[in-house]
Amino acid sequence: MEFFLQQTVNGLTLGSVYALVALGYSMVYGVLKFLNFAHGEVYMFGAFAGYGVLTVLGGPSALMVPVWLALALMFVGAVAVSSAIGVALERFAYRPLRKATRLAPLISAIGASFFLQAAALLLFTANSRSFDAPTLIPIQTGMPLGPINVWAIRILVIVTALVLMILLTWWVRSSRVGKAVRAVSFDTEAAAMMGVDVDRVIVVTFLIGSALAGVGGVMVGLVFGRIFHLMGFIAGLKAFTAAVVGGIGSIPGAMLGGLLIGFAESYTTAYISSTFQNLIVFGLLIIFLLLRPSGILGRPELVKV
Amino acid sequence: MRRRSIWKLVATMLALALVVAACGDDTGGETTSPVGDTTTIAGDTTTTAGDTDTTEGGTTTTGAQPVDVCEATVGFMGPITGEVAFIGEVQLNWFNYTLDTWNEETGYDFQMVEADNQFDTAQSATLAQQFLDNEAVLAAVGPAGSDQVDAAGAVYEAGDPNFTFISPSSTRAGITAQYTGMFRTVPTDDDQGPTTADFLVAQGATTVFMVDDQSSYSTGLADTTQENLEAADVTVIRESVSQDVTDFSALVGTIPDDANFVYLPWQVAANGTIFANQMAEQGKEAVIFGSDGMDSDDFLVAGSYIAAFAPDIAFVEGSESILEGYLEQYENTNTFGPPVYAAARVIFEAIERVCQTGQTPDRASVQAEVRNTDQADSILGSPISFTEDGDLAEGRFFIFQIQEDGTKTLVE
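So the protein sequences, as listed, match chains A and B. In terms of the numbering used here, the first sequence opens at residue 1 and continues consecutively. In terms of the numbering used here, the second sequence opens at residue 1001 and continues consecutively.
Rather than coming from a laboratory, the hints here were simulated on the basis of the structure. All values reported here derive from a predicted model rather than from experimental measurement. Treat the hints with care, as some may be off.
As the list claims (entries may be wrong) - Short derived list, chain B residues pointing at chain A, Cβ under 7 Å:
#1 E1071
#2 E1089
#3 A1250
#4 L1251
#5 A1270
What the hints assert, rightly or not - Non-contacting residues of chain B with respect to chain A, defined by C-beta distances greater than 12 Å in every case (computed):
#6 D1160
#7 Q1178
#8 T1180
#9 F1199
#10 T1207
#11 N1228
#12 D1233
#13 Q1278
#14 G1283
#15 L1327
#16 Q1356
#17 T1360
#18 S1385
#19 F1386
#20 E1388
#21 F1400
Glycine is no exception: its CB is placed at the ideal position from the N, C-alpha and C atoms.
With the hints as extra help, turn the sequences into a complete structure.
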């Protein structure tokens, strides 16, 4: 039981991060119907921005401000940088290609991904960085859950992800801009004819999706420690898998997919073998693409014949 | 109006991003040559001790006057970018440092051609062909990894077996026997595996939890160590995880309570620290033993052990000044650096010996002299001479224990 509980907490933590990153994929796909393959790099820049703020504040062992404030500022820094990059990507890499063939923005996204990786290599070098979160919040700090102790950082990650997902769901369902996002996602031309500023909606979509990726980046840095310039690639693929499994274009689907992938990774390692972790995750992707391309919560696309 | 204000906001955020990124860059290494100006054309870089004007196909150099007419170009191939760029950056820095100090010391004007294989086998083969096609290149240092050595070695062997290449970090046993021109300045897994296993057995290991990182280096070393441990009746639980993974929580959860050692033959030392933190989080008390790839300031977990090519060169008599000189120009180093210095010196000295006989160095004569290498001492604190295959004749590994203050104490 202790073993299962521990692995569940591990899966929940990892799944929360995947869910946040998957939301960005899903939102952009929902609105523009294309995959923003540079999203993993936006997440990577968010992680570095959080690390930058931590360094400016004196680093984990010599913080000049209380820990809670440092954490809050790290998230703010990551959101600022990631959303700025996301908006810039939309403006310069995707908007000029909006009327081009569907392949063009996809290729542009791959190019943007490599550009951001190379930019990170130049800016931060290839050395990995550590948030050294156990110095910020000792590992022994946390909450007992039956026979195990859950580290406070893990609780922070899980709770933050849940709160952000709830807020996003509320925003999309209830706010004026959120409704506009849904309208554009449903039918761009009709939304434009009804007076919705489509360009603005797309910018807001990129801004919010990228901000969530930035938060995810800081979370990974905090809970897993190491950040490096190529960290966005695999995380991006896993989040993309999560988005497809949950139903790409569906916000609850992205959340569900993220959690499922997190649990799949954790339980595979625990009960099968760590060697097969990626095999299982990407096997899930293939199975869903073959059997249910619309994912668990996605709606099958209707095609006029 | 609203659109303009959005763009002002975006511009401000991007400026903030750059400031924050620059502030966060506190441990990066230098990648450019400290002495010469470096110009890159089509992926190759030529660096000299003086000022350099590079044009397609040729280099004009002005600077220190040579004391003798002995000219040579030596290649460097390593993973300067890509997933293990932390290795390539340090190796390139050490190569540049060796070249600069050699030219300064001798008055020669040796030059280098740099090739970034991104730790990729296909790139390694292509770049090896480029080295072969460039008649000026007499020999090369690199590649770093055994898979890349295989890719480049096949090209050299087919194109010109007289081309010498010295790997500063490939440790797979038996690989030198496959390529006429291959040498290396590091011991092999045949040395490291048994040394590690013997040490763990002597420390009372009964169950060892072993995790390879799915690279050729890691799996080969894990296999050898596992074989030796099992021969000594130690139970080995073998797992495998990709280098790109940074969450080991689930894997850590599977470490049995009776495992008294965790063996991590990894190349990304920072991952070892994460693994250790996650062990502490889940109350796992086994002691970590890291391979030479973990010998880095990124892994300073007190009580853990690491294997290394050599004693910390800061404590090797005669090597302290080399390290100091290096650190004056470059910010960081790791295990992968000093063997590059040793490899480059072997090649430079071989070329010099050819020059001293009055011959113009060519690939065959350089290889013959590399084979004759007999350094009584080296930066690594041990003699350098090669077996018939090209392995170090006296290769051995050292074991350190990491102390509370981050220093390393030699224990074997």
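Hint check results:
Contact between E1071/B and chain A, as hinted, is not supported at the beta carbon level, the nearest pair being about 33 Å apart and thus beyond 7 Å. Of the supplied interface hints, the one on E1089/B holds, with its beta-carbon coming within about 6 Å of a beta-carbon of chain A, less than 7 Å. Taken as an interface hint, A1250/B checks out: its beta carbon lies about 4 Å from the nearest beta carbon of chain A, inside 7 Å. A cut of 7 Å between beta carbons decides the hint on L1251/B: the least distance to chain A is about 5 Å, and the hint holds.
Against a cut-off of 7 Å between C-beta atoms, the interface hint on A1270/B holds, since the closest Cβ of chain A lies about 5 Å away. Non-interface status of D1160/B relative to chain A is upheld: no Cβ of that chain comes within 12 Å, the nearest being about 32 Å off. Against chain A, the non-interface label of Q1178/B holds: every CB pair exceeds 12 Å, the least being about 28 Å. Non-interface call for T1180/B relative to chain A: holds, since the shortest CB-CB distance, roughly 33 Å, exceeds 12 Å.
F1199/B, annotated as away from the interface, keeps every beta carbon of chain A farther than 12 Å; the closest lies near 25 Å. The Cβ of T1207/B lies farther than 12 Å from every Cβ of chain A, with a closest approach of about 17 Å, so its non-interface assignment holds. Interface exclusion of N1228/B from chain A stands, the closest Cβ pair being 22 Å apart, more than 12 Å. Here D1233/B stays apart from chain A, with its beta-carbon at least about 24 Å from theirs, past the 12 Å limit.
For Q1278/B, the condition that its CB be more than 12 Å from all CB atoms of chain A is violated, with the nearest at approximately 8 Å. Listed as a non-interface residue, G1283/B fails to keep its Cβ farther than 12 Å from every Cβ of chain A; the least gap is roughly 8 Å. No Cβ of chain A comes within 12 Å of the Cβ of L1327/B; the nearest lies about 15 Å off, and the non-interface call holds. At roughly 39 Å from the closest C-beta of chain A, the C-beta of Q1356/B stays outside 12 Å, upholding its exclusion from the interface.
The beta carbon of T1360/B sits about 38 Å from the closest Cβ of chain A, which is more than 12 Å, so the claim that it is off the interface holds. With a cut of 12 Å on Cβ distances, S1385/B stays outside the contact zone with chain A, its closest approach being about 34 Å. Listed as a non-interface residue, F1386/B keeps its Cβ farther than 12 Å from every Cβ of chain A; the least gap is roughly 31 Å. With 12 Å as the threshold on Cβ separation, the claim that E1388/B sits away from chain A holds: the shortest Cβ distance comes to roughly 37 Å.
Every CB of chain A lies more than 12 Å from the CB of F1400/B, the least distance being 21 Å, so the non-interface label holds.
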